[in-house]
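Starting from the given sequences, assemble the full structure and let the hints guide the process.
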Amino acid sequence: MKKTKFLITVSILFLILLNLSCKDLNQEIPISKYPTPVIFPANALEVKVDDCDDNDNVNAWGGYWFTYDDTKAPNFGISEVNPRNGAQFTMSYVGPDWPGGTGSNLWAARMWGKVKRGLTGFAYPLIGMGTGLSPDEAPKDISGFTGIKFWAKRGSTDNVNSYRISFKHANITDPSKQDSYGFIFWPSTSWQQFNIKFSQFTQQAWSQPLDKMESLRLVQGIQFQTKNPDPAPGQEFISDLWIDSIILYRE
1141 MKKTKFLITV
1151 SILFLILLNL
1161 SCKDLNQEIP
1171 ISKYPTPVIF
1181 PANALEVKVD
1191 DCDDNDNVNA
1201 WGGYWFTYDD
1211 TKAPNFGISE
1221 VNPRNGAQFT
1231 MSYVGPDWPG
1241 GTGSNLWAAR
1251 MWGKVKRGLT
1261 GFAYPLIGMG
1271 TGLSPDEAPK
1281 DISGFTGIKF
1291 WAKRGSTDNV
1301 NSYRISFKHA
1311 NITDPSKQDS
1321 YGFIFWPSTS
1331 WQQFNIKFSQ
1341 FTQQAWSQPL
1351 DKMESLRLVQ
1361 GIQFQTKNPD
1371 PAPGQEFISD
1381 LWIDSIILYR
1391 E
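Residue numbering for the sequence shown follows the numbering used here, beginning at 1141 and increasing consecutively.
Heads up, a few of these hints could be off.
To be verified - Straight-line alpha carbon distances no greater than 27 Å define the calculated DSSO-like cross-link-like pairs of lysine-lysine that follow: (1) Lys1289 / Lys1188; (2) Lys1352 / Lys1188; (3) Lys1212 / Lys1337; (4) Lys1367 / Lys1308; (5) Lys1256 / Lys1308; (6) Lys1289 / Lys1212; (7) Lys1188 / Lys1337.
Said to hold, decoys possible - Ranges of calculated distance between the beta carbons of each label pair, as one might list FRET restraints: (8) Ala1278 / Gly1374: 36 to 44 Å; (9) Gly1374 / Lys1188: 24 to 32 Å; (10) Ala1184 / Phe1216: 28 to 36 Å; (11) Gly1226 / Lys1188: 21 to 29 Å.
Hints were generated in silico from the structure; no laboratory data involved.
Glycine included, every Cβ here is placed at the ideal spot set by N, Cα and C.
Next up, the structure:
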């Protein structure tokens, strides 16, 4: 009888200790508000995001390329983008002789489609493409960089005359308030390189104001979106944007 009581007591103590251990394992571990800053290689003034040479949908940081449009909530627009929103992104053949190329640059990121406005409904139609800065959309701290460089052109049938490069910020959690920091650029039908300092990036002032330094420390991706002109009700514009050789740099 005493032996039985002893075994029961030992079993109860074991279960109590096991429960306490499980609670310890399940406790939340405090983490920094910001991710670890992106570290430059020794003496490197530029860090490649993607040159698209490998002809796949993953950039040099492991992030995926994607497209988006205005068809989902809360906009419910009618614009059309290719490659299709939600489908696997594919690069487009550009050839080896574009200005700035090394002879091996056969591929570029490209989106094309229609920026369409219905007679009623969403009044600010858009399409866009972008690339993440990590495989799982975890934010990166890029505040140590001065700016971004990339090559761009628009297609000969493109009648969208300006686009906006912007960042996808982890400190914007409401889809209806995506007023991220960005810069409007005007590509021509010939390849040209854009060099934009982060000091030139601004919000569009239609939503919540964000601290720029905090936003640069919480970047999930880089986006390129149609900007002007805005279609009138029932009108549509053709968009055809090419992007290549994206680089973050410091001075």
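Against the structure, the hints come out as follows:
| no. | hint | result |
| --- | --- | --- |
| 1 | Lys1289 / Lys1188 | holds (10 Å) |
| 2 | Lys1352 / Lys1188 | holds (22 Å) |
| 3 | Lys1212 / Lys1337 | violated (32 Å) |
| 4 | Lys1367 / Lys1308 | holds (16 Å) |
| 5 | Lys1256 / Lys1308 | holds (23 Å) |
| 6 | Lys1289 / Lys1212 | violated (30 Å) |
| 7 | Lys1188 / Lys1337 | holds (16 Å) |
| 8 | Ala1278 / Gly1374: 36 to 44 Å | holds (42 Å) |
| 9 | Gly1374 / Lys1188: 24 to 32 Å | violated (43 Å) |
| 10 | Ala1184 / Phe1216: 28 to 36 Å | violated (45 Å) |
| 11 | Gly1226 / Lys1188: 21 to 29 Å | holds (27 Å) |
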